[in-house]
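A.B. asks: Order-wise, the sequence lines are chains A and B. Under this note's numbering, read the first sequence as residues 1 to 510, first letter to last. Under this note's numbering, read the second sequence as residues 1001 to 1389, first letter to last.
None of these hints come from the bench; they were simulated from the model. No residue lacks a Cβ here, since even glycine has one placed at the ideal position from N, Cα and C. Keep in mind that a hint or two might mislead.
Which residues of chain B face chain A? A partial, calculated answer using Cβ under 8 Å [unchecked claim]: (1) V1285; (2) D1325; (3) Y1340; (4) T1342; (5) K1366.
Here are some chain A residues the structure puts well away from chain B; computed CB gaps all over 10 Å [as the list claims (entries may be wrong)]: (6) L32; (7) S71; (8) P144; (9) L154; (10) I218.
FRET-style restraints, in silico, Cβ to Cβ [claimed, not checked]: (11) B:G1363 with A:P414: 40 to 46 Å; (12) A:E272 with B:V1134: 33 to 39 Å; (13) A:A211 with B:T1054: 39 to 45 Å; (14) B:R1364 with A:A211: 22 to 28 Å.
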Amino acid sequence: MANDLNPLRAEAHVERTPPPCAIVIFGVSGDLAKRKLVPALFNLARERRLPGGFSIVGYSRSPMSDEALRSLMYDAVIRFSNTSPPTTAEWDSFAAGMFYCQGEYDDIAGYARLAERLAAIDAERGTSGNRIFYLSTPPALVGPIIDTLGASGLAQSRPGSWTRIVIEKPLGYDLATARELNTRISRIFQEDQVYRIDHYRAKETVQNIVALRFANGIFEPVWNRRYIDHVQITAAETVGVEGRGGYYESAGAVRDMLQNHLLQLLALVGMEPPTSLDADAIRDEAVKVAKAIRPIPPDEVDAHAVRGQYTAGWVGGKMVPGYREEEGVSPNSTTETYAAIRFEIDNWRWAGVPFFLRSGKRLTKRAAEIAVQFRQVPMRLFTTTEADLHEPNLLVMKIQPDEGLTLRLAAKLPGHAIHLRSVNMEFRYGTSFGIRSSEAYERLLLDCMFGDATLFTRRDMVEIGWTLMMPILDHWAASGERNLHFYEAGTWGPEAANQLMGEGRAWRRL
Amino acid sequence: MGMGIVEDIERRRPVDIAAIERELTELWKLAAEEGTTTDAVMRVCLLNLLVFTTEATRLGEVSEVVAKVTESAPCRAIIMHADLSKATAETHAWIASHCHTDEQMRQVCCEEIRVTASGAAIRYLARTVAPLIVSDLPVFLWWQDLRMLHEKCFLDFLPEVDRVIVDSHGLTHQDPQTSQLARFVLESRHRAAFSDLNWTRLTRWRDLIAGLFDAPELTQYLRQLTRVTIFYAKDEEAPGIPFQALLIAGFLAAQLGWTLKDAYQINRHEAELRFRAHHRRVTLVLASQASQDVPQRHLTEVTLWAECPEMARFSVTCQLVNGTDWLYTSAVEISGGARYHTTIALPQLTEARLMLREIEIFGRSKPYERALRMALDIVTELELDAQLP
Chain A
1 MANDLNPLRA EAHVERTPPP CAIVIFGVSG DLAKRKLVPA LFNLARERRL
51 PGGFSIVGYS RSPMSDEALR SLMYDAVIRF SNTSPPTTAE WDSFAAGMFY
101 CQGEYDDIAG YARLAERLAA IDAERGTSGN RIFYLSTPPA LVGPIIDTLG
151 ASGLAQSRPG SWTRIVIEKP LGYDLATARE LNTRISRIFQ EDQVYRIDHY
201 RAKETVQNIV ALRFANGIFE PVWNRRYIDH VQITAAETVG VEGRGGYYES
251 AGAVRDMLQN HLLQLLALVG MEPPTSLDAD AIRDEAVKVA KAIRPIPPDE
301 VDAHAVRGQY TAGWVGGKMV PGYREEEGVS PNSTTETYAA IRFEIDNWRW
351 AGVPFFLRSG KRLTKRAAEI AVQFRQVPMR LFTTTEADLH EPNLLVMKIQ
401 PDEGLTLRLA AKLPGHAIHL RSVNMEFRYG TSFGIRSSEA YERLLLDCMF
451 GDATLFTRRD MVEIGWTLMM PILDHWAASG ERNLHFYEAG TWGPEAANQL
501 MGEGRAWRRL
Chain B
1001 MGMGIVEDIE RRRPVDIAAI ERELTELWKL AAEEGTTTDA VMRVCLLNLL
1051 VFTTEATRLG EVSEVVAKVT ESAPCRAIIM HADLSKATAE THAWIASHCH
1101 TDEQMRQVCC EEIRVTASGA AIRYLARTVA PLIVSDLPVF LWWQDLRMLH
1151 EKCFLDFLPE VDRVIVDSHG LTHQDPQTSQ LARFVLESRH RAAFSDLNWT
1201 RLTRWRDLIA GLFDAPELTQ YLRQLTRVTI FYAKDEEAPG IPFQALLIAG
1251 FLAAQLGWTL KDAYQINRHE AELRFRAHHR RVTLVLASQA SQDVPQRHLT
1301 EVTLWAECPE MARFSVTCQL VNGTDWLYTS AVEISGGARY HTTIALPQLT
1351 EARLMLREIE IFGRSKPYER ALRMALDIVT ELELDAQLP
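All chains should be modelled from the sequences, with the hints used to inform the complete structure.
C.D. replies: Written out as structure tokens, the structure is:
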């Protein structure tokens, strides 16, 4: 709660408001701040979700006045906010809490000026010494900023106040660099001060996985190896690298999607019921199931993982270039733009149930979902004829673009004969609850202000993710082009990915 | 939400009450056949919304509110009209569907049943409507006639519903219905929870006023308040303090643990209340302001002063901009200390918006009941004062 001691809030049915605070955005002139962070903060202000006196301090190298920052952010809100443009009064009030501080990211004098500014804001705007440092900078600057926050004393929480730090992905390039980063962070900040963003976790449907599994008694009894045949987790994009070829060359599908987002989804689907909704209770269970994932031996990578790279093709009625023809991409690049991995979980609940993860660029359709495929009924009571097209039950949790749930059932076709068809029962967020879902960044920023780390990734989960992916990444790095499967843009990826599924299973057509 | 409403009024057709469910099924088939989209018509139902009115002229507005509500919360709506002008006992029903097409051109339809009763049939309206309620879903009853709260017609509904929604907006402290309503709600032993749209209109005010004191350094000022003024938009024709202003006064006093010591009416539109708060006195003034923008009887400003020893002033003001949005400004001014303000624009509180808020809530609201009890005490004290020579 904003303040449990405020008697005017007692037992009130009003939305929670976090305690007074200021957010410092490092790299405020960058794309993320303009596209996501400030529009999200403005939307929160407009929805009365921010505390009175809430303030934003932008920090970057470029010289800029407070007014110039306000003007820059006004344009950003107009362009990128998904709500109506601000009125003059609304903007003036929001912008009055926006300040700028210029300095180098490793310059302690700059941080001293920042500290002075924050102290003045505490006095003028009642932000109570509570601060969030949001690192919206290239990965190379994360370390220097953390070190300088430590050296300047800004990382320290004052008595009765709190200090938190938000870090964006990538959280390392591999296991070694992830550990190095975590160690560097832990020298300055306690783990409960650190909020590692995974914007996938904040999506409504992803949060709904926990509600679906643990607030509905009908699913838990069948949520195990006895009834579930396999699970498919897909994140498919139609876009290519969108001018970020340079970045993507050093990332690839595994680093960009599977190691973090898709593994998080797997953990939410596979975890045991937490003892409470406390952040650590949920994250403990997620880590537990992630630890139960059987590591893929280096000599078996090709049997468990497939990588692909798109070539030129048609997407959305347009000819698009192949990956190697994209700007900033090497003509001999072996970076995977598609990856599919088969994991097994070694525990009582999931033994023998494969979890298939796939993600790719320039695929047929933009879609992200988790599909839980149930086993066939133990006896085929209904004789199969050509007219029968029923398949095993399937529960699909759709994450994008159309958040919702689908349950596939078999039903009898009307008529004298017994012929079966599969029918879908659909629940769509958009049509069942007409209210706007919060944008992921709105939810995450608000949770950070509340000190609720449930949707943020803990250090151990990051390292487990890398531990699982390293044999695959190392094997591919050493293989050159040998196991790189090319697929035409606009298709569902390389044919080799189908072979991962094994007998009687297939990737879903989305 | 950007949804288009495609309400086919012509599809509203008279039906035999006993056959309503069958007729509704037919209506769904028709909707599917006539659907302009390739997707099937989706039938979604989150709740039952029952509406009772005695004014035939209100039916169109109510139907519009229901259509708006179903955009965000698909429901089965049962709109009941008690025709007090006819003595013969008759009941008639019509059914219609509200269809909304969203951005992806999917069609989501909800059902509306309209029932008109006259004569003795009004007394048994609850019996007529109960079988039409979709089972296992919450039932909300929006009761629009405060004069009928003690009649069988209303009382018979109470075992059937989860929440009764009324609107005290038209009432002032001088209306006999004000204290009758408050007593009815406070003394009710029915399972149904009560709520008042007039209280829901205050949600923004309560939230913004509470927000002024969220910072731990500022919370302490709540214990040092000495004076409060509550302004509302004047209604020249209706004397008396509007119930909305009394509810916010009741809210502040009840939440802050103040005891009412005295209340007197200064003139037709103003009153002064005196409270004891631990070791200090608090004066609360209810006063009207001429306002061309804000609708009559709505709050325009709440200001709270504290002395401890520095002067501190906390305020929330409201004004209408562009004829569409309401602009709320919260301000904190502490002499020698914090000084800032926050302005937000919020859409007007239409009945549809209020109903959407109402149907999110289940169970009784303790702050509402505490505020109502205090408002009732204030009304009683003002009545007593008026009787003094």
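A.B. asks: Flag every earlier hint the structure violates by its number, smallest first.
C.D. replies: 1
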